[in-house]
Every structure is written in C-alpha cells, then in structure tokens.
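**Q** Residues per chain are reported as follows:
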Amino acid sequence: MATSFASATRLVATREIKTFLQSKGFWIGLGVLVAGLFASAILPSVFGGDRESVAVVGPAAERVLSGADLDVREVSDAATAERLVRDEEVDAAVVPDPSGDSATGVRVVALDDAPTDVLAQLSTAPPVSLLDASDVSQGLQQLVIMVFALVFLIFGMSGSAIAQSTVTEKQTRIVEILVATVPVRALLAGKIVGHALLTLGQVVVLAVAAPVALALGGQSELLTVMAPALGWFVPFLCVGFVLLAAMWAVAGSLVSRQEDLGSTMGLVMMLVMGPYFAVMFFSDNPAVLTVLSYVPFSSAIAMPVRLFAGEAAAWEAVLSLGVLAATVVLTVLLASRVYAGSLLQTGGKVALSKAWAASS
Amino acid sequence: MLTVKTISRSFGDRRVLDDVSFDVRPGRMTGFLGANGSGKTTTMRIILGVLAPNGGAVTWNGAPVTQDVRQRFGYMPEERGLYPKMKVAEQVSWLGQLHGLSAATAKANTDRLLEQLELTARAGDKLEALSLGNQQRVQIAAALVHDPDVLILDEPFSGLDPLAVDTVLGVLRERAADGVPVLFSSHQLAVVEKLCDDLVIISGGAIAAAGAREELRAKYGTSRFELVTDTDTGWLRDQPGIRIVDLDGPRALFDLDVPGADQQVLTAALGRGPVRAFTPVVPSLDEIFKEVI
Chain A
1 MATSFASATR LVATREIKTF LQSKGFWIGL GVLVAGLFAS AILPSVFGGD
51 RESVAVVGPA AERVLSGADL DVREVSDAAT AERLVRDEEV DAAVVPDPSG
101 DSATGVRVVA LDDAPTDVLA QLSTAPPVSL LDASDVSQGL QQLVIMVFAL
151 VFLIFGMSGS AIAQSTVTEK QTRIVEILVA TVPVRALLAG KIVGHALLTL
201 GQVVVLAVAA PVALALGGQS ELLTVMAPAL GWFVPFLCVG FVLLAAMWAV
251 AGSLVSRQED LGSTMGLVMM LVMGPYFAVM FFSDNPAVLT VLSYVPFSSA
301 IAMPVRLFAG EAAAWEAVLS LGVLAATVVL TVLLASRVYA GSLLQTGGKV
351 ALSKAWAASS
Chain B
1 MLTVKTISRS FGDRRVLDDV SFDVRPGRMT GFLGANGSGK TTTMRIILGV
51 LAPNGGAVTW NGAPVTQDVR QRFGYMPEER GLYPKMKVAE QVSWLGQLHG
101 LSAATAKANT DRLLEQLELT ARAGDKLEAL SLGNQQRVQI AAALVHDPDV
151 LILDEPFSGL DPLAVDTVLG VLRERAADGV PVLFSSHQLA VVEKLCDDLV
201 IISGGAIAAA GAREELRAKY GTSRFELVTD TDTGWLRDQP GIRIVDLDGP
251 RALFDLDVPG ADQQVLTAAL GRGPVRAFTP VVPSLDEIFK EVI
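Protein chains in written order, with UniProt numbering: chain A, 1 to 360; chain B, 1 to 293.
Treat the hints as calculated values from the structure; they're not laboratory data. Ideal Cβ placement from N, Cα and C applies to all residues, glycine included. A couple of the hints might just be wrong.
[To be verified] Straight line, CA to CA, 27 Å or less: simulated DSSO-like cross-link-like pairs of lysine-lysine:
| id | chain 1 | residue 1 | chain 2 | residue 2 |
| --- | --- | --- | --- | --- |
| 1 | A | 24 | B | 87 |
| 2 | A | 349 | B | 85 |
| 3 | B | 126 | B | 85 |
[Said to hold, decoys possible] Pair ranges (Cβ atoms, derived):
| id | chain 1 | residue 1 | chain 2 | residue 2 | range |
| --- | --- | --- | --- | --- | --- |
| 4 | B | 14 | A | 286 | 30 to 36 Å |
| 5 | A | 354 | B | 121 | 20 to 26 Å |
| 6 | B | 188 | A | 208 | 24 to 30 Å |
| 7 | A | 356 | B | 62 | 32 to 38 Å |
| 8 | B | 62 | A | 273 | 55 to 61 Å |
| 9 | B | 37 | A | 208 | 38 to 44 Å |
| 10 | B | 102 | A | 257 | 33 to 39 Å |
| 11 | A | 356 | B | 85 | 53 to 59 Å |
| 12 | A | 280 | B | 85 | 35 to 41 Å |
| 13 | A | 257 | B | 125 | 58 to 64 Å |
| 14 | B | 102 | A | 354 | 36 to 42 Å |
| 15 | A | 291 | B | 63 | 52 to 58 Å |
| 16 | A | 4 | B | 62 | 22 to 28 Å |
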C-alpha cells in the first residue's frame, strides 16, 4: 500500500511533535512562559501600584471620601478638577452634583472608563460622568494590543523550530532518504502542521493557566473583557502562522549546518518582530493601524485589534483575511519550490536563485 | 527488472553521466564499480528520483518509475544519516511507515531486522549513542524495513568490520534469493568480487562494461597459467605460442598467445620431470577493472 500525501504529512507531523515533546528545551521554554505569565499577573498586586489619585471639590465630596485609601487633592472648582482629569494628572474627580440625582450629592468624573478602583473606595456609589466615552477604553485597547502582539511573537518565533528541524535533516543527510520516499511537499506540510499543533498546544496551556494566574493576581475581570476580541484573532493567527512557518522552512533549507542558520534566519526574524513593534508603536495612530491591518504579517495583530476597538467592520476582516490567505498560498507555493531545490544541496549557504533553478 | 536507459546528466557545464544504460536483474546482486567521481552516486540518485536526469529514463518492469513505485524501493545513500536523537527501533519503524507499512507490520519488520543485524539490545537507544559501525547497521535496517521490491545501496560495506560485512552480506543475499534485484556500489573490489553476480563498471560517466561476472572475466581476462616444477623453468623461453610474464627458478607465470599451447607446455614440463602445480590464473576484478577503464 502506497503512502498517500495525507498520511505522509501525518507521519512527518507526528514525528516532529514527538521529537519536540521529548526535548528538554521545549519544556524549559514552556515553563518560562508559564512562569512569566504568573509573574506578570501576580507581582503587580503583591508590590502594589501607586494609590489612585482623586481631585475633590467641596465639603460633600470630602465627606464621601473620608477614610478611603486614596491620594486626595483638593481643588477650588469643578472646572479645575475636570482639567486635571483630562490632563491625566488625576485618575478621577469627585465634584458636587447639582442635579439632585445623586444620593450623596456628589458625582465622579473620569476620562474614558468608570474608575472602579476609586468607586470601590466610596461607601455609596455616586453617578459617573465620562468626558471621552468610547466603545473600548484606551487602556484596555493597549492591553489587547500587547497580548495579541505577544502571542503573535510567541507563535512566530516558535516557528523557528521548523528551520532547526529542517537543517538537522540536511546536516544528517537523512533528507536524501526522505526525499526518495515521500514528496517534498508532504515533508514541508508535515513540518508546518506538526509545529502549528505544537504551538497551538502551548497556547492552550497558556489559555488554561491565564485565568488561574489572573484570579491569583485579583484581575479576573480582564479576561471577561478580552474574550470577545479572541474570536477574530484565532483565525488570523492560524493563517499567519502558516505564512511564517513556510518562511522558516525555507530559512532552514538554505543552509547545511546548524551553525550557519543565523545567516538566513535574520529576515524571517524581522518579519516576526516587525509587525510586533509596528503595531505596538503605532497603536494610537488609526491611519497607520488601518494600513497595518491589511498588510500580511502585521494584519494578524492589527485587524483583530481594530475589530476589538470597534473601528473595523466585519467585511474588512474578511478582506484582510483573504489577502493574508492569498499571500499564504503564494508563499507556500514559492517556498516549497525553493525548499525542494535547496534540500539536497549541501556545503555552505545555497543562494535563493540557485535553489529556485535547481527544482526546474 | 530495473532498467536504466540512456540517462545523462550535467551539473552546469560538467557532464557527469553520458548515455548510461544497464539492467539490474531480479534475484541477482549487481555490483556497481567505478572510481571516485565516475558517476555512481549520481546514477543511484537518479534511480531514486532524488535527482532528475537531463535525458533518458529509469523503468521498473517496463513501466516508468513513479512516486508510488519508488516508495517500494529501498535506498541506502552514500552520505549516511538518520535522526541522531531518535531511538533506533522507533526510527526504523517510522521509516517503514513512511514507506507505506502499517504501524504493526513496521514494528514486526523492525524487530526481525534488528534481530538479524544483532542490534536488538540497542533497540531502545538513541542512534547517536551507537558506534559508527552499529549506526551503519541501523542504516541497512532502514533501507530494508519495508521489504523493498528493489534495493539500491551506495557503498553499503564501507565503514564495516569484516564480521559486520558478513552479517550484512547474509541479509542482502537473503533478499536477492527472494528475487529482489540488488544494486550496490563499491570501490572495494575484493568485496565486490566475492559477492556480486553481475557487474556494471562505470568510468568518467559512461558505462565501460556490464554483464555477468564470469562473462566479463572471460571477455577481459587474459589466459594466464602458473607452472611449478622441481627444476629451473628457463626452457620455457624457447617454448612456442606463449609469452613469459614472470620467471623465478622452478616457478613460472605465462600468457597464452595460441589457444591450446598450455597443453604443449604441460607435456614438455612432464617430460623434464615432476610437475608440482599447473594452474590457470583467474584474473581478479582488479585486473578487469584496470583493463576496461
């Protein structure tokens, strides 16, 4: 019975997964990641942040805040308090409420989301006025960007294992047996599938660990707000991973020894780091973010972020995903040709043009 | 039968194979001989589809060799290599599955082969923990695990000690006896001489000679005899129909110029006293090899 393309792919993928599960490096990496997650969730609440600062106007406000653990600044009138809020000098202001809706006779003024920390300190919650209301608060959006970009970075970098495993096969020359046995494309597909599953598995571990870590750090509410953003992120991430994986495989196939891997990995590394930094850097620039949300590579982070902020319509996401998918198809086709052409060439670094010509 | 038909291949401007044709017959061990750089490895890579020929074709039982057919080939490349960090048995059986075996068959075949190659004790070790000779045996197991229809082995005996050569040879002979065509290359002529049925000699990318070993011997070997008597054999210098190769007291080595002249020499020698030895000297492969290239 001949091995079909699918079963060859499955066999290659299974071997990749098994090999990595048996390596120490894999578990150490995962351990560091989980430890990092717990550290970033718990440490801030252990060391404690700055106390919330509040501007207060009038005796009624001072009465409401008496006994609260807050950094209180007395100001003369409501206008000054509002200016301090807008300048982000203080987190919130407590001002007299002339409307009579408030039981305590005061109102809380904040910039873009209700200051839960301040409110929690108040004996009775007064009404809240937001000066710059938006669908999603700036702080939350920053957080989503950071989490998405970080996950993208983890995913993208873990693809470098594909380059490692490819060069191992070249270095040990088992590649000649493999190529004589199964189609080169099955080899490439198996590696991509195997490592995608491995990375997905790591993300699942993180996803399971995250609620625990956040609960320990007393930040469970973060998860509830992030959840809706994940819906679009997952497909973008999966398609984006295939794109990077194909490039990692080419990077590995162009050299013959582990030691030379650095020389070809640089470009792919840039394609992973670039979007990460671009999105982090331009997160407050809607125009650039819109462009980034269509450019393959960075679209995997930027588009889900824009969707989360309510700045992009569903059709935009579909379009961007389409662009990404088309790039993937094209890249995988080009990559498999270069991969096939360079796989059997040993001795130093293979020039891209030579690899291309070799498989014609 | 595996047929290589008029294949040629160039790398850049360098023509490494030129119109190469030969057959590998079922049930026969075919030795593939040639100096370094004569095109042995390139030919084998083309048979395995790892390289494409510029011209010509390889056929199996008259039909073109496709990926499905090739999957039933067993191949041991010249540049050895398996996964260093994978366990021996696991690795061999994985390769068996890659060749289309079910997991159970692959495992059974692996166990049997490791037993035959005296590797059972090392089955659970990582490949890199084995000595080079043992790694070589694993490589043989990897080429045989799927009970291949054809065996292509590039220098299967290099790096093996004499005992290991015998073990491996036994395994290969068994396959050949089952009707599998076996093509193996070597530059160790003595080894090839001992075990091949057919010979293909390649030189500078072209086939210099091909055929059954005995035929080639008859064709390229000279008719040489050795004579040993009790007295000096200097009288042979005057004997007609022969050419002296070497003369050393009672011992002489000569070639025949005229068929049948050997019998006249024997009669003459017996007339002069006792004859201790009178033997035709079979040309070694070495001599054939030097003759044809």
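**Q** Against each hint, give a clear statement of whether it holds in the structure.
**A** Hint by hint, here is what the structure shows:
1. A:24 x B:87: At roughly 16 Å apart (the allowed maximum being 27 Å), residue 87 of chain B and residue 24 of chain A satisfy the hint.
2. A:349 x B:85: Cα-Cα ~24 Å, so holds.
3. B:126 x B:85: holds, 5 Å
4. B:14 x A:286: 30 to 36 Å: violated, 60 Å
5. A:354 x B:121: 20 to 26 Å: Hint violated: Cβ distance 45 Å, outside 20 to 26 Å.
6. B:188 x A:208: 24 to 30 Å: violated, 60 Å
7. A:356 x B:62: 32 to 38 Å: holds, 35 Å
8. B:62 x A:273: 55 to 61 Å: With a Cβ separation near 56 Å, residue 62 of chain B and residue 273 of chain A satisfy 55 to 61 Å, so the hint holds.
9. B:37 x A:208: 38 to 44 Å: violated, 59 Å
10. B:102 x A:257: 33 to 39 Å: At 36 Å between Cβs, range holds.
11. A:356 x B:85: 53 to 59 Å: With Cβ atoms ~32 Å apart, the hint is violated.
12. A:280 x B:85: 35 to 41 Å: Distance hint for residue 280 of chain A, residue 85 of chain B holds at roughly 37 Å.
13. A:257 x B:125: 58 to 64 Å: This hint is violated: roughly 25 Å between Cβ atoms.
14. B:102 x A:354: 36 to 42 Å: With Cβ atoms ~40 Å apart, the hint holds.
15. A:291 x B:63: 52 to 58 Å: holds, 56 Å
16. A:4 x B:62: 22 to 28 Å: holds, 25 Å
Comparing the model with each numbered hint stated earlier shows that hints 4, 5, 6, 9, 11 and 13 do not hold.
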